[in-house]
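A.B. asks: Listed here are the chains, written in short residue letters.
Protein chains: 2
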Amino acid sequence: MNNNKVLHYYILSDSIGETAQKVAKASFAQFPNVTTVSHKYTFISNHETLQSILEDANEHDGLVFMTIADAELAKFAEKYCIKTGLICYNLIQPFTLEIARRLETEPSAISGAQYELSEDYFDRIRAMEFCLAYDDGKDPKGLREAEIVILGISRTGKTPLSMYLGTLGYKVANLPLIPEKEVTPILYEIDPKKVIGLTNSSAVINKHRESRMKEYGIGTGSKYASKTRVNEELEYAHKIYEELGCPIINVSDRSIEESASIVMEVMNLPQRI
Amino acid sequence: MNNNKVLHYYILSDSIGETAQKVAKASFAQFPNVTTVSHKYTFISNHETLQSILEDANEHDGLVFMTIADAELAKFAEKYCIKTGLICYNLIQPFTLEIARRLETEPSAISGAQYELSEDYFDRIRAMEFCLAYDDGKDPKGLREAEIVILGISRTGKTPLSMYLGTLGYKVANLPLIPEKEVTPILYEIDPKKVIGLTNSSAVINKHRESRMKEYGIGTGSKYASKTRVNEELEYAHKIYEELGCPIINVSDRSIEESASIVMEVMNLPQRI
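These protein sequence lines map, in sequence, to chains E and F. Just so we're aligned: 177 in the UniProt record's numbering is position 177 of the first sequence, and the numbers increase by one with no gaps anywhere. Just so we're aligned: 253 in the UniProt record's numbering is position 253 of the second sequence, and the numbers increase by one with no gaps anywhere.
So here's chain E without its partners, still in its complex pose:
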């Protein structure tokens, strides 16, 4: 086994290369011990640039993750790779070819076409601004207009989850639960189907809180970060979740993307972005 090999990989795109980057990341995640060197080239628009990048990739024996919408450029890259043996996949091509065959039509070959500005785009901006305006219970009135309402005690990750869902186009309001502070009555007026309760293991919350206290320059041993306090708060949160009858998501060992995906599944939300 040769785990010390350094693997050069190339992200090539006539747009921003986001799709190719995702595939590269998912592929490399299967090889946690491999050292990779990333080379990223975006907005490629002519043969000369493409040729010189492919030559560089070939010299480094690189893996090329490519999304090129322009058929001429894609063909040029393909020819180069057949000739040299360079490993390169145009990730969208198998699909665009198949769709073109089925529809008896040609792809538009417009690079970055998925990012086009439209009414959806403005809706997305509005969603992101909404999430910011109604973060952390800043204004409980947001609960009425929100599509998703996220509840949780301190350090359960309400804010990052809301922000991420915001970038996906959903209007999210989040509300912190604190035993000493009565929850807004609005929470009991809105549709519980749009409410999600976050929970986590008390050990993880504890760790988060300790680290937050350190950032604030406060040593360990505060009441906020004590296990008794965390358990007390969790108990209080679960009482509220039960009253509302809302679904509960345990975010321990889950990334923001995974938690967001579960929220969308549980709430049966349509894909927007």
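Don't read these hints as lab results, they were simulated from the structure. Just so you know, not all the hints are guaranteed correct.
[Unchecked claim] Under the rule of at most 27 Å between Cα atoms (straight-line distance), these lysine-lysine pairs were calculated in the DSS-like manner:
1. F/Lys138 x E/Lys138
2. E/Lys141 x F/Lys214
3. F/Lys138 x E/Lys214
4. E/Lys25 x F/Lys25
5. F/Lys193 x E/Lys40
6. E/Lys40 x F/Lys25
7. F/Lys141 x E/Lys214
8. F/Lys138 x E/Lys141
9. E/Lys181 x F/Lys138
10. F/Lys141 x E/Lys138
11. F/Lys214 x E/Lys138
12. F/Lys181 x E/Lys138
13. F/Lys40 x E/Lys193
These figures come from a predicted structure and were not determined experimentally.
With chain E's structure known, arrange chain F on it following the hints.
C.D. replies: Using the frame of chain E, we list chain F on its own:
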């Protein structure tokens, strides 16, 4: 040309299906007139589930965008497709197979491995919280600690761009420029290399402002949304950009992803997510 055909597509993943979704979106973007029906199945963990999804996809003559890390499951899907002629690509497989060959090792076959929790993950959460704390010039002290400082007049998209960069793990502060309000002296103390000035065509800003005024229930014709005012503000902003010597990004006709990609390129920032 048969543009009215409805195309069913399937996102299949043993993780959250984000990578497959990106590829699907990029592929369909090439066919703006095609009507698609999305079927998404995530966290697939056994043959029975996979079989029934593939059968459904086959009945609908669907296109299958797949990211399955588990080798057994992937093989099962592949066999099914060869037998039935169903169009299905396991997007990460060409790469994982090639990497495995080169490294003489097996992929870990852990689904969703790219989302693993780590110190990077906590850094990312901190970045998102940072962006929220220092949005819209809320606290000019954030300019010092920020990795990216975004300037712009009202409705140039500072907030969504900051939030998106935040989800990518960068600490961003943004500061609105208003002719009547003196900018914080901190702006002139920090490294201008980390400052980005946003600009846009006055027509687009005008449209944004009119729409914002409508949301507020204010009719057209306000000073805020007047062309003279927008031009006056843009002139003021460009004067400051010149003083600072910071790069300027024109965000007109650019999506958030594209603008973010340009920011990262201009500032030569490493990829984090």
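A.B. asks: Evaluate each hint against the coordinates.
C.D. replies: Hint-by-hint comparison with the structure:
1. Pair hint F/Lys138 plus E/Lys138 holds up; C-alpha atoms about 14 Å apart against a cutoff of 27 Å.
2. Among the hinted pairs, E/Lys141 with F/Lys214 is consistent with the structure: their alpha-carbon atoms are about 20 Å apart, no more than 27 Å.
3. For the hint linking F/Lys138 to E/Lys214, the alpha-carbon distance of about 24 Å falls within 27 Å, and the restraint holds.
4. Only pairs whose Cα atoms come within 27 Å are accepted, and E/Lys25 paired with F/Lys25 is accepted, the gap being roughly 18 Å.
5. Restraint check for F/Lys193 and E/Lys40: satisfied, since their Cα atoms lie roughly 21 Å apart, inside the 27 Å limit.
6. Using a Cα cut-off of 27 Å, the hinted pair E/Lys40 and F/Lys25 holds, with the two alpha carbons roughly 21 Å apart.
7. Taking the CA atoms of F/Lys141 and E/Lys214, the gap is near 20 Å; set against the 27 Å cutoff, the hint holds.
8. The straight-line distance between the Cα atoms of F/Lys138 and E/Lys141 is roughly 22 Å, inside the 27 Å bound, and the hint therefore holds.
9. Between E/Lys181 and F/Lys138 the CA atoms are separated by roughly 26 Å; this keeps the pair inside 27 Å, and the hint holds.
10. A C-alpha spacing of about 22 Å is found between F/Lys141 and E/Lys138, which places the hinted pair at or below 27 Å, so the restraint holds.
11. A hinted pair counts as satisfied when its Cα atoms are at most 27 Å apart, and F/Lys214 with E/Lys138 qualifies at roughly 24 Å.
12. Straight-line distance between C-alpha atoms of F/Lys181 and E/Lys138 comes to about 26 Å, which keeps the hinted pair within the 27 Å bound.
13. A threshold of 27 Å between alpha carbons decides the hint, and for F/Lys40 with E/Lys193 the separation of about 21 Å falls inside it, so the pair holds.
Hint check: no violations occur; every hint is consistent with the structure.
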